[in-house]
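Quick note, the sequences are listed as chains S and C, same order.
Position 216, counted from 1, in the first sequence is what numbering that gives the first Met the number 0 calls 215; the numbers after and before it change by one each time, with no gaps.
Position 10, counted from 1, in the second sequence is what numbering that gives the first Met the number 0 calls 9; the numbers after and before it change by one each time, with no gaps.
Careful: at least some of the hints might be erroneous.
A few chain C residues that don't get close to chain S, going by computed Cβ distances all over 12 Å [as the list claims (entries may be wrong)]:
(1) 22
(2) 66
(3) 68
(4) 71
(5) 101
(6) 104
(7) 160
Label pairs and their calculated CB-CB ranges [as the list claims (entries may be wrong)]:
(8) C:195 - S:176: 40 to 46 Å
(9) C:24 - S:202: 42 to 48 Å
(10) C:129 - S:202: 33 to 39 Å
(11) C:158 - S:21: 50 to 56 Å
(12) S:155 - C:25: 52 to 58 Å
(13) S:224 - C:202: 32 to 38 Å
From chain C, some residues computed to sit far from chain S (all C-beta separations above 12 Å) [unchecked claim]:
(14) 48
(15) 99
(16) 152
(17) 171
(18) 175
(19) 177
(20) 201
Hint data in this document are derived by calculation from the structure and do not stem from the laboratory.
Bear in mind that the values here come from a model prediction, so they are computed numbers and not experimental data.
Just so it is clear, CB atoms sit at the ideal spot from N, CA and C, and this is done for glycine as well.
There are 2 protein chains.
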Amino acid sequence: MTNKGVGILNPHFKIGLIRVVTLSDEQMLNLHGQLIEHYFPELQVESRCIDAQPTGIHDEQTEQLAVPKIIKLAKEWQGLDAIVVSCANDPAVKELREELSIPVIGAGESTALLATRYGQTFGVLGITEEIPRGYRKTFGDRIVGNCLPEGIHSTLDLPTTEGKKSVTAKALELKELGAEVIALACTGMSTIGIAKELEQVCHIPVIDPVMAEGLMTYFECLRKE
Amino acid sequence: MTNKGVGILNPHFKIGLIRVVTLSDEQMLNLHGQLIEHYFPELQVESRCIDAQPTGIHDEQTEQLAVPKIIKLAKEWQGLDAIVVSCANDPAVKELREELSIPVIGAGESTALLATRYGQTFGVLGITEEIPRGYRKTFGDRIVGNCLPEGIHSTLDLPTTEGKKSVTAKALELKELGAEVIALACTGMSTIGIAKELEQVCHIPVIDPVMAEGLMTYFECLRKE
Numbered sequence: 000m001t002n003k004g005v006g007i008l009n010p011h012f013k014i015g016l017i018r019v020v021t022l023s024d025e026q027m028l029n030l031h032g033q034l035i036e037h038y039f040p041e042l043q044v045e046s047r048c049i050d051a052q053p054t055g056i057h058d059e060q061t062e063q064l065a066v067p068k069i070i071k072l073a074k075e076w077q078g079l080d081a082i083v084v085s086c087a088n089d090p091a092v093k094e095l096r097e098e099l100s101i102p103v104i105g106a107g108e109s110t111a112l113l114a115t116r117y118g119q120t121f122g123v124l125g126i127t128e129e130i131p132r133g134y135r136k137t138f139g140d141r142i143v144g145n146c147l148p149e150g151i152h153s154t155l156d157l158p159t160t161e162g163k164k165s166v167t168a169k170a171l172e173l174k175e176l177g178a179e180v181i182a183l184a185c186t187g188m189s190t191i192g193i194a195k196e197l198e199q200v201c202h203i204p205v206i207d208p209v210m211a212e213g214l215m216t217y218f219e220c221l222r223k224e
Numbered sequence: 000m001t002n003k004g005v006g007i008l009n010p011h012f013k014i015g016l017i018r019v020v021t022l023s024d025e026q027m028l029n030l031h032g033q034l035i036e037h038y039f040p041e042l043q044v045e046s047r048c049i050d051a052q053p054t055g056i057h058d059e060q061t062e063q064l065a066v067p068k069i070i071k072l073a074k075e076w077q078g079l080d081a082i083v084v085s086c087a088n089d090p091a092v093k094e095l096r097e098e099l100s101i102p103v104i105g106a107g108e109s110t111a112l113l114a115t116r117y118g119q120t121f122g123v124l125g126i127t128e129e130i131p132r133g134y135r136k137t138f139g140d141r142i143v144g145n146c147l148p149e150g151i152h153s154t155l156d157l158p159t160t161e162g163k164k165s166v167t168a169k170a171l172e173l174k175e176l177g178a179e180v181i182a183l184a185c186t187g188m189s190t191i192g193i194a195k196e197l198e199q200v201c202h203i204p205v206i207d208p209v210m211a212e213g214l215m216t217y218f219e220c221l222r223k224e
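Here chain S stands alone, though its shape is the one from the complex (with noise of 0.2 Å):
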């Protein structure tokens, strides 16, 4: 009954993963992917982006411009077992989930359901003012400090010392405040790979975006096998 090796040959599952900020590079653009890959060897992704958001979505305007760009390049994407939002705000997952009869992912919610197995506080670390629904939701008023590490305006900040040293400042301030659990809230933390970082300084369990977003699609794609 074992079937060790599918993976190699024959990949299991083609998933489609939408990035949400405009990138003309092709590593840059696969990043997210390779990483699910590497994580799940049954899973095939090829990766799309949209058009137009070269600094992605960072706000409620940026998002309300890209939700509509991400539903008509999911509905025209055909041959795939299920499509990722790779975006910790989950644009447009709500509206995909009632137009397509594959599964839909969404980076929040998955990054939030898997947090809430380690502990009963969390931390929600991510790019934006306002903590992303999937969070909000999923937490409820179990959510302690808020989201922003100081001097972070959107996802390219990320890579650079400065803003590496202001997420790790932003962790240990919210452990600090009581998280159990920190939930990274912008899929940028995966590309920086910060997670484990960070749980090296914090000693608490920080959840990769990425990696669970990943897990929640692999999840989908056995349940429909």
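Following the hints, complete the assembly by docking chain C onto the known chain S.
Okay, now just chain C, sitting in the frame of chain S:
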């Protein structure tokens, strides 16, 4: 960066799986482990069972009898990346987390956690009068109906034609009572592979405990990698 196929030649993670029913038949003993290896080719699962409990855990007395045996078995087991207690009651899971340095995963807590992805009201379908603690803790007052199908007294009643009929009738009853999701609450339900059949009859998500414990085990392993 892709590492497709590592699963074939050298499964990443070594998992110990504890069956809480005494099984002398090697094939029966390994059934949950083989299901997990099928779903997650990167996990290599060895199964062991507790002794002198041929009808498993099905009430408080049989659980109390099992807990020290599970703890002893787990503590003596070396060389593992994670340990799974493959029972919806999560017996000894809390105790083992305090004693072991590797992740400990219970079937019940995993199933309940994943069920929350799919709705707001929950049917819990198992083999015990009382709803197992992991489900009560996660769902709180959002549980509809009770847990026990008619005529089912232990995991041994499940594989019979009557047993399957009774489980199906219970699932339909829970849906009728308003369940948006059914969380199966006995790993014997996975052994008979009934989740998919129930979904086809009930048209609501039905969460399989062995798939759920496997998913959370894989997540724990990835997080520690």
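Cross-check of the supplied hints:
no., hint, verdict
1, 22, "holds, 17 Å"
2, 66, "holds, 22 Å"
3, 68, "holds, 26 Å"
4, 71, "holds, 26 Å"
5, 101, "holds, 15 Å"
6, 104, "violated, 10 Å"
7, 160, "holds, 23 Å"
8, C:195 - S:176: 40 to 46 Å, "holds, 44 Å"
9, C:24 - S:202: 42 to 48 Å, "holds, 44 Å"
10, C:129 - S:202: 33 to 39 Å, "holds, 36 Å"
11, C:158 - S:21: 50 to 56 Å, "holds, 55 Å"
12, S:155 - C:25: 52 to 58 Å, "holds, 56 Å"
13, S:224 - C:202: 32 to 38 Å, "violated, 18 Å"
14, 48, "holds, 19 Å"
15, 99, "holds, 16 Å"
16, 152, "holds, 29 Å"
17, 171, "holds, 20 Å"
18, 175, "holds, 23 Å"
19, 177, "holds, 20 Å"
20, 201, "holds, 14 Å"
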